[in-house]
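Quick mapping for you: the protein sequence lines, in order, are chains A and B.
For the first sequence, the numbering used here begins at 1 and goes up steadily by one.
For the second sequence, the numbering used here begins at 1 and goes up steadily by one.
If you're looking for bench data, these hints aren't it; they were derived computationally from the structure.
Hints may contain errors.
[As the list claims (entries may be wrong)] Stretch by stretch, here's where chain A covers chain B in the computed footprint (C-beta under 8 angstroms, at least three residues):
(1) 35-45
(2) 55-62
(3) 183-193
(4) 305-313
Even glycine gets a Cβ: it sits at the ideal position worked out from N, Cα and C.
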Amino acid sequence: MTCRTHALKQTLLRSIAALTLSTMGVGASLADSRSVETAYGPVTVNGQPERVVTLYEGALDTTLAVDANPVGAVITRGGSDVADYIKSRAGDIAIVGAPAETNIEAVISVRPDLILAAPRTNEQQYQLLSRIAPVIVSDVPMFQPDSWERETRLFAKALGKEEAAERVIAKVESRIGEVAALVAARIPEAQRDATLVRWMPQGPLVMAEGLFSASILQAVGFRIDDNDLVKEGRPHSEPLSLENLSSMDQSWVFLATLNEDGDKALEAARQSPAFARLDAVEHDRVITVSGQLWTSATGPLAVLAILDDIEAAVTAIQP
Amino acid sequence: MLNALSPTSVVASRAFFPPLLAAGFLLLLVVLASLLYGAGPVSASDAMAALMANGTEEAWFVVTELRLPRTIIALITGLALGLAGALLQSMTRNPLAEPGLLGVSAGSGFAVALAILLGATTATLTTLSAQLGALAGCALVIAATRVQGLGNDPVRLVLAGATMTGLLLALTSMLMLMDQRAADEIRFWITGSVAGKPLSMLWATLPSITLALVLIAIVARPLAAMALGEKAAVGLGHHPGRIRFLITFTVALLVGSATALAGPLIFVGLVVPFIARAFSGPDIRKTLWLCVPVGPAVVLGADVLSRLIAAPAEMPLGVVTALIGAPVLLAIVRAGRMPSL
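Next comes chain B alone, as it looks inside the complex (with noise of 0.2 angstroms):
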């Protein structure tokens, strides 16, 4: 552990394997137990008999119809998110740059929301608009990091992004006063949930989530020289501006598709990077290594939490990760030395 904290990339690429065994088996339990426990009556062993085949027909549906279908979106939400979060870390220098903190969750919140206000009822679209939202919240981000003294400071560009949040949720609630119908779809929407999403959601989202793959694996390496400065990555024959604005695009992909299937949750793009720099050390191809199966486990962590603290109902995913996410936020910043990436 000791070792695995350290900042020197030496030691920490010596322990990196480790850590992400140990984060891919905790993943495996932590999407067991979203198998297993739920909020309505169906028990952790009804539900391992269901399992293994010889159930009741209610566990066996409450397991395959309403669990698992959660549990995959919760997955990739996770995974999403983690290398959302990442990225924009790593790109803005700032380990509080984070899509929910930024405002980029809100725009494309404020863009779903939008979009069912007008009526927007397949899949397809509501993703379209989570990302057309998620980008424009990208590039107010990008320019407002251009913005003198406020790219080096990550406290005022965090201050920035809650403005941001701050007037994107007040459009959303004015949205929601203008219809009724509109205004409970949105208010559901909006604190966060992967509960009853239909799997149409997640077919619509994975050309983007697959896309967003491709790009991260190509922007990898070059994105790591960026880190030893702008002059060396030039030097090592990179176009800085150009691996910029790919990284934008790849955020506003990931952050889009994890809005559209639930909604803007905030703080997972902050505590999952958070972690696994913890053990990758500074970089930030160990760091997306980690966030793969880090990511889906907070998530799915919290989604599993949110049915067991408030049953027979459930407590929205968004409340779940905003509490796991507040303190994890208040250590960064109380850690007198701010990480710098």
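So here's chain A without its partners, still in its complex pose (with noise of 0.2 angstroms):
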């Protein structure tokens, strides 16, 4: 009897407690609880998440971008940190894995609250995410011209830096303007045709026109058309026999290395006589750029960074 009273009162305590704190808890939870829709239905995410864990370098790059607080990180692909162009801003942050690879040991130990993972987590990875944090998953199409813009809301929703995310777009916007207007002075309309590709020892690697670097390249006046060699929803080609060089013959090419030394793959590429006969090489419009950040980064920052290589470029041009 005794017994069951006692249990009865313990009960009753528990259920004011709850009912106590849950009060207490609904004047912040209403004005800043908000629902973000993501890959995986909605995720309700409370507040402003102070310690934020990146999966992917687009939400690296976003999260930097709207000053937000990142304190763990993924490393950029084949590299051993972050990407170099971004490398300063993101101070010295604790690395939790590669893409593709989570660390979970390395995130729990961080802990986050909130994390943002990359578009294709799976299901099973997503689950044990959630139970250290709630999870954003990207819903966003991939290599669509305006995923990174999309991307970017997203992410700021859940980061609740809405406001931040507008006014980095917006920047990113009049930049683009600024740069498409020096291509316009500067390139005559019928050179304005480019193709984007990473140069490996066996041949090149055409990137997808709908790749983030390939679209900014577009929104800023150049003509990209990957010939239909890379198949529908995938980054980029096979490496392409060298045969079929000569189908990547525009005007100029932007050559990525995923390593930082361009002008090394340069001399490499060059030594490949069916490489040295484009026109884009014997008219010295071949453009090295860094692969980390033309071909695996993507967010506001990305773009900026884009559009500085950009500008120097088309500067550097002799008229």
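Since each chain sits alone in its own frame, please combine them into the complex, following the hints.
Written as structure tokens, this is what we have:
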């Protein structure tokens, strides 16, 4: 009998405590609780996250662009740290894995209150991460010209930084306008065809027209055509046979390399007679760019950095 | 055909020259195909027109600057691997003794990967490290055949080789994790390809190949004598130990050169002598002669396939040779009575 009363009392106490706590919390969560549409349905985020883990390069970029506080990130593809263009802003951020290889223990150890995951995070991984903190998996289709913009808005909403995101997007748009005007002034209409490739020892990978950096090139006035060499939904083609090099013969070739030494990659490419005879090579219109930035990154800061690269290349040409 | 397959060398010798001529003719056809077909937009008729000196500039470029160099490199690679396989099999009296299966190619490949990681860019250096790696691999194989029981059992020797290959591939993967730039280069090279290889690579290997051919001319007769048994060879005035050393050295030169040119191609050294023996019978001298047209034809044929299967990309050559070679390996092992050499 006593035992039962005791149990009843305890239940009662517990429910009162819970009620009080929830009434106290209501004020904060009503103001700041928001539901974010993700690939795995709506996710509720409360308040302004203070400790954000980004498992995707575009998420780290956005988080830094809106001045939120990332405490963990993954390395850039093929690197050993976050991408160079973003390194100084990221500071000494904790590394919690590689793209598609998250180190769950490392994520837990930085005690995140929000996790921004990669677009292709699978269900199992998602469930696991959700037990640590709310997880945002972008539902934005990849390789569309406005993918980065929609992703930025999505992540910014989760971060409670929507106004900052709009400011950054507006800044990017005005920069696109500036660079587009420069391109229009310096390069005649007929010579604005370009191709974006990554040089591999066995041959070039042609990047998809819809790839992030390719769509920026298009936004500032270049014409990019992957000649249907890239399969639907893939970021780039298979390494092309050297015999197909002529299909990437445009006025401009943007040559991306995963390591930073672009000149060396260009030198390696020049060894191949098939590359050396391209029009763009003969006219010195091959621009070496960082593959970390141009073929792996995405996000507003990456757009700004790519625009800087384009501006520098276009300014440097001899009229 | 039935005659040629007959084990008695009397019958085989009668049927020796027709297969040699046929293989030579086949090789010519494959060379022509290699010049005419590619993964690019230059079609066979465009290429033909270019060969007749009235094609487009583009076709001329593709045929002479892209298809011709890889054709030559594939020919030399096939020659080297075919001969190396025949020598190794005859010496170890094991029809499965193939440089790829025994880990000689993997040893050579690991050495080149190490050289690339350390920054070797010159063709000479790559060739040298490939040959040193092959030599080390050969020495291990010879040591393994001396282990009690292992030398007499072809399949167990291959198992030992597979272990070796697995270990070396793991070490190579480890090297690739250490440096991204080197990793791209090593990964491409390790799957095997003759595309886009500079002809300077070929010049760097030609001295070794020439030396190897001279050595083969010297050891062919003693090696044939050794097939009759070591005592018989000694009786005929040969020195088996010395011959074995020369052959090991020759195989290392050949495999090292081939690996430097095209990467570690597995199974070529198995398939080529297998085909050659089917027509030559057990006489190693005839087998070696037949390997001269058959080896290049097999590798070049595989290369032509590699361009056509995955156009506009290319299948790695090593994948194609493995696809061709694996059934042959199964056929030899399944043939109940292993042909003893």
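Hint check:
With a threshold of 8 angstroms between beta carbons, the proposed coverage of the stretch 35-45 of chain B by chain A holds, since 5 of its residues qualify and at least three are required. Here's how the stretch 55-62 of chain B fares: 3 of its residues keep a CB closer than 8 angstroms to some CB of chain A, so the rule of at least three is met and the hint holds. As drawn, the stretch 183-193 of chain B meets chain A at 5 residues by the rule of a beta-carbon pair under 8 angstroms; at three or more, the given contact holds. Coverage of the stretch 305-313 of chain B by chain A holds. Counting CB-CB distances below 8 angstroms, 5 residues qualify, and the rule asks for three or more.
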